[in-house]
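Asks: Listed below are the residues making up each chain.
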Amino acid sequence: MYKYDDYDRNLVLERVKQFRGQTDRFFSGDLSEDEFLALRLQNGLYVQRLAPMLRVAIPYGMLSSVQLRTLADLSRTYDKGYVHFTTRQNVQFNWPQIKDVPDMLQALSDVEMHAIQTSGNCIRNTTTDQFAGVINDEVTDPRPYCEIIRQWSTFHPEFAYLPRKFKIAVNACPTEDRAAIKVHDIGLEIVQNEQGETGFRVFVGGGLGRTPLLGSAIREFLPEKDLLTYLEAIIRVYNQHGRRDNKYKARIKILVKALTPEVFAQKVEDEWQHIKDSPAQLTNEEIDRVKGFFDAPNYDTVESTTSFEEQVASNKAFANWVKRNTNEHKVAGYSIVTLTLKKTGIPPGDVSDDKLELIADLADQYSFGEVRIAHDQNIVLADVKQTDLFDVWKKAQAAGFATPNLNMLTDIICCPGGDFCALANAKSIPIAEQIQTRFDNLDYLYDLGEIELNISGCMNACGHHHIGNIGILGVDKKGEEFYQVSLGGCSGLDASIGKILGPSFAREQMADIVEKIINVYIENRTDEELFLDTYRRIGMTPFKERVYAKAH
Amino acid sequence: MPKLIKDSQIVEDNWLIIDADFEGDLPEQEVIVPLAYWTENRDALASRSNVGVWLDSHQEPSAIASDVKSLPVIAINFPKFADGRGYSYARLLRERFNYEGEIRAIGDVLQDQLFYMKRCGFNAFAVRADRDIEQALNGLSDFSNSYQAGCDNPIPQFRRR
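Protein sequences, first through last, are from chains H and W. Following the UniProt record's numbering, the numbering of the first sequence begins with 1 at its first residue and continues without gaps. Following the UniProt record's numbering, the numbering of the second sequence begins with 1 at its first residue and continues without gaps.
It is possible that some hints are incorrect.
Said to hold, decoys possible - Distance condition first, Cα-Cα at most 16 Å in a straight line; then the derived EDC-like pairs of lysine to aspartate or glutamate:
no.: 1; chain 1: W; residue 1: Lys-80; chain 2: H; residue 2: Asp-300
no.: 2; chain 1: H; residue 1: Lys-247; chain 2: W; residue 2: Asp-83
no.: 3; chain 1: W; residue 1: Lys-80; chain 2: H; residue 2: Glu-35
no.: 4; chain 1: W; residue 1: Lys-3; chain 2: W; residue 2: Glu-134
no.: 5; chain 1: H; residue 1: Lys-165; chain 2: H; residue 2: Asp-245
no.: 6; chain 1: H; residue 1: Lys-80; chain 2: H; residue 2: Asp-353
no.: 7; chain 1: W; residue 1: Lys-6; chain 2: W; residue 2: Glu-134
no.: 8; chain 1: W; residue 1: Lys-80; chain 2: H; residue 2: Asp-110
no.: 9; chain 1: W; residue 1: Lys-3; chain 2: W; residue 2: Asp-130
no.: 10; chain 1: H; residue 1: Lys-330; chain 2: H; residue 2: Asp-300
no.: 11; chain 1: H; residue 1: Lys-323; chain 2: H; residue 2: Asp-443
no.: 12; chain 1: H; residue 1: Lys-267; chain 2: W; residue 2: Asp-142
no.: 13; chain 1: H; residue 1: Lys-3; chain 2: H; residue 2: Glu-147
no.: 14; chain 1: H; residue 1: Lys-276; chain 2: W; residue 2: Glu-95
no.: 15; chain 1: H; residue 1: Lys-316; chain 2: H; residue 2: Asp-443
no.: 16; chain 1: H; residue 1: Lys-3; chain 2: H; residue 2: Asp-110
no.: 17; chain 1: W; residue 1: Lys-80; chain 2: W; residue 2: Glu-134
no.: 18; chain 1: W; residue 1: Lys-80; chain 2: H; residue 2: Glu-112
no.: 19; chain 1: H; residue 1: Lys-385; chain 2: H; residue 2: Asp-300
no.: 20; chain 1: H; residue 1: Lys-17; chain 2: W; residue 2: Asp-142
no.: 21; chain 1: H; residue 1: Lys-165; chain 2: W; residue 2: Asp-83
no.: 22; chain 1: H; residue 1: Lys-3; chain 2: H; residue 2: Glu-112
What the hints assert, rightly or not - With the Cβ distance kept under 8 Å, some of the chain H side facing chain W (calculated, not the full set):
no.: 23; residue: Tyr-4
no.: 24; residue: Asp-6
no.: 25; residue: Asn-10
no.: 26; residue: Gln-18
no.: 27; residue: Ala-38
no.: 28; residue: His-156
no.: 29; residue: Pro-157
no.: 30; residue: Glu-158
no.: 31; residue: Leu-162
no.: 32; residue: Asn-239
no.: 33; residue: His-274
no.: 34; residue: Ser-278
no.: 35; residue: Glu-286
no.: 36; residue: Ala-313
Read the hints as simulated data drawn from the structure, not as lab findings. Glycine residues also receive a C-beta, built at the ideal position from the N, C-alpha and C atoms.
Using the sequences provided together with the hints, build the complete structure.
Replies: Spelled out as structure tokens, the structure:
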């Protein structure tokens with residue numbers, strides 16, 4: 001895990017001091033509401049429906065147990081005793097007081113955390129695969145590149161006032177994309193060329209929200225040393241030519257679409273020629289230095305024992321959990337464990353203070369004191385010995401983190417919605433709960449196989465509804481909450497944007513509607529087909545006919 | 001006389017900014033004219049050494065690329081502090097067009113932008129008239145170091161370790 005040096009620490013402390021000054025100037029009337037808004041947003045401080053909200057950065061999703069305990073502590077001292085993990089690998093406090101935020105930032109800085117650029121029209125937290133560094137089929141560990149991007153983008157002087165927010169994601173797995181790179185402003189896919197050199201395929205112009213679009217590849221191979229200068233060229237073109245007259249048309253995807261990806265790519269190349277050989281070009285020494293922070297931990301040689309196989313064979317619930325919630329680790333004898341945060345009745349992503357501490361304990365005892373936050377709002381223990389899995393399962397089960405529904409219909413990605421968010425048109429948490437309650441039979445869920453269901457409370461699409469196999473979007477019709485359904489979205493390598501099923505539905509209908517959709521799938525699927533495969537084969541019509549059929 | 005932050009000091013500002021829709025004859029004193037006026041009267045103005053140009057936030061510096069050697073001042077307007085195009089313009093003027101004269105931020109210029117502006121090549125700041133310029137001066141030193149290359153230091157931090 002990356003560790004601050006004096007230089008990083010000093011920068012974060014100077015930021016705390018600067019923000020404390022800005023907050024004081026706001027309260028003394030020296031900064032207007034509007035001026036403070038832009039400044040506080042660049043520090044993750046929103047003013048929400050019910051209270052301010054503070055979004056804290058978790059660079060590429062990595063957290064230490066010490067940091068988890070600090071989050072728990074802060075949630076008790078300044079909030080209501082819980083935090084919310086988001087779809088962008090960040091964490092949110094939902095009820096802080098503005099006056100307390102400088103003190104919270106001070107406390108966060110003690111454990112090498114901050115809220116820099118977690119919102120606002122600047123370069124946001126760079127995200128990646130939650131299994132980075134421990135999964136077998138990655139080209140290389142993407143986290144050092146994420147850290148290099150993090151440092152470069154932190155307080156980037158030229159790009160603090162972009163036309164809109166700007167998100168970068170990195171994937172290094174040729175077989176799977178857990179970082180959803182094609183729906184980011186810039187998606188970087190780490191690849192190797194024929195000479196075995198590491199570089200990036202660069203996608204640009206993806207994004208969700210009002211105009212969902214997939215990114216286009218504008219460069220097939222960017223040498224790793226050119227990473228920062230090329231990013232700079234892309235964002236410089238965007239900063240100068242992105243629309244600023246309409247915030248809904250201000251994302252880079254609109255510019256790329258308007259120019260065409262080819263013309264946009266040419267502009268970037270022209271810009272890049274001027275800066276590619278500047279001192280901003282990365283050095284091998286720097287890449288190696290940052291890689292050094294992500295060296296493998298001291299793995300034990302795990303003696304193969306029969307006990308693990310026996311535990312699996314004799315306990316069906318444990319076997320299910322192992323099958324669903326663990327992934328193969330690149331080191332023999334270890335597993336990657338996903339703790340699910342989607343227990344029915346608890347809003348997806350929410351974790352209470354005592355549970356945060358329990359996860360910290362699990363991390364300390366079983367996984368080198370580290371966890372990762374996944375973009376699907378679950379928590380990963382990346383380095384668990386197989387011989388410890390049974391103990392971890394027992395403890396996770398007691399805490400409610402072992403619901404074996406990972407990637408199943410009830411592992412819902414869901415934004416905070418109208419219960420918390422000032423932007424939302426409709427509530428989303430009760431919809432998630434309604435669906436989770438309806439589909440509570442695990443055998444049935446396993447039979448259905450992997451299905452992504454995503455819920456957003458508004459067009460801003462924080463719940464990524466466009467890329468859910470089943471997407472649900474809260475819409476407002478004359479002051480009443482309705483829900484629009486889309487099908488066929490996917491965030492992986494074969495990413496696609498879901499298509500709208502038809503007219504929207506009332507809240508109380510939602511579980512019925514989802515059930516009808518699922519029934520069409522069951523009736524039409526072939527043996528090996530997942531929901532998405534069946535949808536792609538049979539198209540929208542059968543679903544539409546069933547859902548909108550007149551009652552007999 | 002209005003005040004200006006120039007090269008990290010508060011100084012008297014002798015330069016008069018000419019409005020975008022100005023027509024007629026310029027006063028003899030130091031003036032900063034809008035791009036359109038400069039383009040129209042370029043030959044007549046070139047003989048004067050006390051005329052600068054200001055660019056609005058949608059006017060890219062390439063429009064004056066051939067003139068930068070002779071201009072004593074180039075100002076960049078920030079119609080709203082959240083309009084960030086001017087940051088790229090200043091960098092281009094310094095790094096692409098090798099402009100060595102004064103780059104001045106005008107318009108909605110506030111304390112909290114000064115550090116970034118300085119890093120992008122601005123060396124003069126016409127802080128908004130309703131703000132305390134003494135206090136704004138503090139904004140230049142919010143941070144003691146930076147990760148990236150900038151006009152203030154073209155060597156990024158990773159090459160300075």
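Asks: Compare the structure with each hint and give your call.
Replies: Do the hints match the structure? See the list:
1. W:Lys-80 to H:Asp-300: Violated, because 58 Å separates the two Cα atoms, which is more than 16 Å.
2. H:Lys-247 to W:Asp-83: Within the cut-off at roughly 12 Å; holds.
3. W:Lys-80 to H:Glu-35: This hinted pair holds, its Cα atoms lying about 10 Å apart.
4. W:Lys-3 to W:Glu-134: Distance of about 10 Å is within 16 Å: holds.
5. H:Lys-165 to H:Asp-245: holds, 15 Å
6. H:Lys-80 to H:Asp-353: Answer holds: Lys-80 of chain H to Asp-353 of chain H is near 9 Å, not above 16 Å.
7. W:Lys-6 to W:Glu-134: At roughly 12 Å apart (the allowed maximum being 16 Å), Glu-134 of chain W and Lys-6 of chain W satisfy the hint.
8. W:Lys-80 to H:Asp-110: violated, 35 Å
9. W:Lys-3 to W:Asp-130: holds, 12 Å
10. H:Lys-330 to H:Asp-300: Answer holds: Lys-330 of chain H to Asp-300 of chain H is near 13 Å, not above 16 Å.
11. H:Lys-323 to H:Asp-443: holds, 13 Å
12. H:Lys-267 to W:Asp-142: violated, 34 Å
13. H:Lys-3 to H:Glu-147: holds, 11 Å
14. H:Lys-276 to W:Glu-95: holds, 13 Å
15. H:Lys-316 to H:Asp-443: holds, 11 Å
16. H:Lys-3 to H:Asp-110: Given pair Lys-3 of chain H, Asp-110 of chain H holds - Cα atoms ~12 Å apart, limit 16 Å.
17. W:Lys-80 to W:Glu-134: violated, 22 Å
18. W:Lys-80 to H:Glu-112: violated, 34 Å
19. H:Lys-385 to H:Asp-300: holds, 9 Å
20. H:Lys-17 to W:Asp-142: holds, 9 Å
21. H:Lys-165 to W:Asp-83: holds, 13 Å
22. H:Lys-3 to H:Glu-112: Answer holds: Lys-3 of chain H to Glu-112 of chain H is near 8 Å, not above 16 Å.
23. Tyr-4: violated, 13 Å
24. Asp-6: violated, 10 Å
25. Asn-10: Given a least distance of 7 Å, the restraint on Asn-10 of chain H holds.
26. Gln-18: Holds: closest Cβ of chain W sits about 5 Å from Gln-18 of chain H, inside 8 Å.
27. Ala-38: holds, 5 Å
28. His-156: His-156 of chain H check passes; min Cβ-Cβ to chain W is 6 Å, inside 8 Å.
29. Pro-157: At 4 Å from the nearest chain W Cβ, Pro-157 of chain H passes the 8 Å test, so the hint holds.
30. Glu-158: Because about 5 Å separates Glu-158 of chain H from the closest Cβ in chain W, which is inside the 8 Å limit, the hint holds.
31. Leu-162: With a closest approach of 6 Å, the Leu-162 of chain H hint holds.
32. Asn-239: holds, 5 Å
33. His-274: holds, 6 Å
34. Ser-278: holds, 7 Å
35. Glu-286: holds, 4 Å
36. Ala-313: At about 52 Å, which exceeds the 8 Å cut-off, the nearest Cβ of chain W leaves the hint on Ala-313 of chain H violated.
Violation of the numbered hints given earlier is confined to hints 1, 8, 12, 17, 18, 23, 24 and 36; the remaining hints are satisfied by the structure.
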